[in-house]
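Protein chains: 2
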Amino acid sequence: MAEALESKYAQSQLKKLNAALADGRFVSVRKLLHELPPSDTALILESSPVKTRDDLWELLDADFHGDVLEELSEDVRNGIIGKMMPANVVDALEEMDTDDLAETLSSLPDQVLQDILQSMDAQDRLRAEQALSYGEETAGFIMNTDTITLRPDVTVDVVLRYLRLKGDLPENTDTFYVVNRTDNLVGLVPLTRLLTAAPDDKVSAVMDEESEAIPVNMPDDEVASLFERYNWLSAPVVDEKHRLVGRITIDDVVDIIREDAEHSMMSMAGLDDEEDTFAPVLKSTKRRSIWLGVNLFTALMAAAVSDLFEATLSQLAVLAILNTIVPSMGGVAGNQTLTLVIRGMALGHVNPSNSRWLISKELAIGFLNGIIWAVLIASVIAVWKQDFMLGTIIAFAMMVNMVAAALSGATLPIVMKKLKIDPALAGSVILTTITDVVGIFAFLGTATLFLL
Amino acid sequence: MAEALESKYAQSQLKKLNAALADGRFVSVRKLLHELPPSDTALILESSPVKTRDDLWELLDADFHGDVLEELSEDVRNGIIGKMMPANVVDALEEMDTDDLAETLSSLPDQVLQDILQSMDAQDRLRAEQALSYGEETAGFIMNTDTITLRPDVTVDVVLRYLRLKGDLPENTDTFYVVNRTDNLVGLVPLTRLLTAAPDDKVSAVMDEESEAIPVNMPDDEVASLFERYNWLSAPVVDEKHRLVGRITIDDVVDIIREDAEHSMMSMAGLDDEEDTFAPVLKSTKRRSIWLGVNLFTALMAAAVSDLFEATLSQLAVLAILNTIVPSMGGVAGNQTLTLVIRGMALGHVNPSNSRWLISKELAIGFLNGIIWAVLIASVIAVWKQDFMLGTIIAFAMMVNMVAAALSGATLPIVMKKLKIDPALAGSVILTTITDVVGIFAFLGTATLFLL
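If you read the protein sequences in the order shown, they are chains A and B. Each residue of the first sequence is one higher than the last, beginning at 1 in the UniProt record's numbering. Each residue of the second sequence is one higher than the last, beginning at 1 in the UniProt record's numbering.
Worth flagging that the hints you see were computed from the coordinates, not collected in a lab. Heads up, some of the hints might be wrong.
Said to hold, decoys possible - In silico SDA-like cross-links for lysine to any residue, where the CA-CA straight-line distance does not exceed 20 Å:
1. A:202 - B:168
2. A:16 - B:357
3. B:202 - A:160
4. A:51 - B:357
5. B:385 - A:300
6. A:15 - B:51
7. B:166 - A:192
8. B:51 - A:357
9. A:15 - B:347
10. A:15 - B:354
11. B:166 - A:300
12. B:286 - A:371
13. A:15 - B:359
14. B:283 - A:372
15. A:417 - B:12
Let's have the full structure, built from the sequences with the hints guiding it.
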């Protein structure tokens, strides 16, 4: 038995690799890469700048190409495939499972995909086209076709003898599927059941008929939440006629769970989920500029609102100084509500039957927050600027903006979801625009009425 | 075989339950709850306001209490346990696996925990204390103790006969563990191997000696990344003497993966990961107010910086109007970098050997972004305000702030991690303070120099 895992293993290997690469000791690099499991090689490639990445790939034995490509994130993988000869890509794809093949091919730019398909022989091309035939982000797309099927009328003993003859089982096999003559799924037999059953029991007697099957076109995030909710390790996939077409295993679902959870965080900052931390400067700049452009537009809108009060601002410079406080507090409070509701929707907690309740709850919090921070800011301003009236005005604006923030934070994601817009992507820009505009209007407007 | 899963099943059940509850048809509610799997009941409880939640819990058969508690999130679970009689809690805990027991007990307030421990008989208390003996967020804390161990010198046939006698295997058993006389782990036998091996093979001949074991004190996020990286379904846990103490299964790891991924998103908005979407108003207000307080402080700091330029602002109201644009752009650009680096660190891509490279990359992006948005804002201002000098000044400030944003976005998380502060929690406040202060200084300072 190997030693207990050294947790920083991949990191120390990365250090060694970098040193060997810097010194031009290519034989050592090759040797080090040869010893690593594919997932560690993938991690190292993802942790390297593009140039180092290309050098390492050149030095990696072609036998490992497929296994490593499987483990890479989309952006990094496409970068590498784009620089490979199509024939070499075909070789690398040959050993892949259907689900990994589908994922790899579908994310490629069209031209690269066509080149690769054309370099394939007829059989491989058929397999690739089959893998690509299910819509992206569906159960069919992430399933594997390597199911082991049993007939209901054979005995456990026969099955065991068959398995011994067959030898190796597909990776992560934990369940056998029982199908009838027309390939309809009629039951499941967990491996554990097979081990503990009496040898002369019929499969039909030990199989589980109650289990659920996943329709081939179910969205992958629903598949993931079913796995998470019921603690499944694998699940059968059936077509519209309830024929078994494949199985989904937990390791593919784990990736979806992580991606979905990350998606909101990345989108809220205006980043692409698959964004490669070490992408070239120009590519990253281009990707991030859309978000900055949107933000410039909203910042100019806020400035245009302030512009309406130019006369007020030119008479009272103190208003200019305090003008950012109310919008900033509204933005933070609104984003808290927004984030909570977006997560609640992702976990399936927020739905039409309780959204009205949720909105009133958030409004109540907004109201309470408004009172707390209004009193606080009024006291600070009254002391700092020795102006009680000014304190009252900023307090009123704070109150208004906190309620507006809560209302928009709670309703925006619900409305956007109905309009089929991703709330994580656009929610926080729209929210900030609302809290900026309302905050400035409330503060400068009230000040214009009462201070001039 | 049941029908293919209806994906909105839980939602339609929730609707029915709510209707029955509203009409006071308690018998129907009980019946509906009785038919649901525990995870669906948990989802429904989490999707309900506290009052409804309490009513539903009252109506739920006590036999299901333990299974449902296991599936609930911390906040909701503690709320329910807090209202139960200690003796009833003890009954509910009796059937729990060690890992779920540890998680449930450890998150309880101290007084409640003491009451519950005191209501237990000696044997249960011992089990509870054992479950709690490993540090939270370690492998020991999330492991189960229900391993099936084999001796190396018995034959496969003997093992199979033993398993048939034993009957049911623990949930999610996919591997048997081979231990010697002193309980040291010497190998693993996957179930699939046992099925395909010849009956007279010795266990020592079919076992896998190369596999890795997890040290009992390894942090749980490292455990999760190992599972993710190597696509494990389960892994043995060993103590410092390499004795087998338990096993970790993928279903527990999935929860950690989701929690870790969500943690960053929630922390960046100043929320607690476990925050219950339907928590009472007062509790939520209190929790969120810390973050709002910090933000008020930083907003006041930004105002204090503007205050330094009161003379300038009182002469040129246009500066007051444009004062928010540069800080806002810096904040967004900096947050993009910050989010990317935080995610890169979570995925293990960012480490000491490449962080310098990453910082220079982000600086280059900041510089490029600075040029793009400086030119754009200068043109907008030159046209809008008919003032070329003003455009040049805001462009210069934009340039400076974009570089400052990139630099702080990239270095902050790296520095904070070294200081053992969670970058997701405090990173974005510090960053926004920096971009606000630098932005205002650069804009109003330059304007004071050149426009007065």
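The hints, checked one at a time:
1. A:202 - B:168: holds, 18 Å
2. A:16 - B:357: holds, 17 Å
3. B:202 - A:160: holds, 18 Å
4. A:51 - B:357: holds, 12 Å
5. B:385 - A:300: Holds, at about 12 Å.
6. A:15 - B:51: violated, 56 Å
7. B:166 - A:192: Answer holds: residue 166 of chain B to residue 192 of chain A is near 11 Å, not above 20 Å.
8. B:51 - A:357: holds, 12 Å
9. A:15 - B:347: With a Cα-Cα distance of about 17 Å, the restraint between residue 15 of chain A and residue 347 of chain B holds, given a limit of 20 Å.
10. A:15 - B:354: Distance ~10 Å between residue 15 of chain A and residue 354 of chain B Cα, so the pair holds.
11. B:166 - A:300: violated, 73 Å
12. B:286 - A:371: holds, 13 Å
13. A:15 - B:359: holds, 18 Å
14. B:283 - A:372: holds, 14 Å
15. A:417 - B:12: holds, 19 Å
Of the numbered hints stated above, those contradicted by the structure are hints 6, 11, listed in ascending order.
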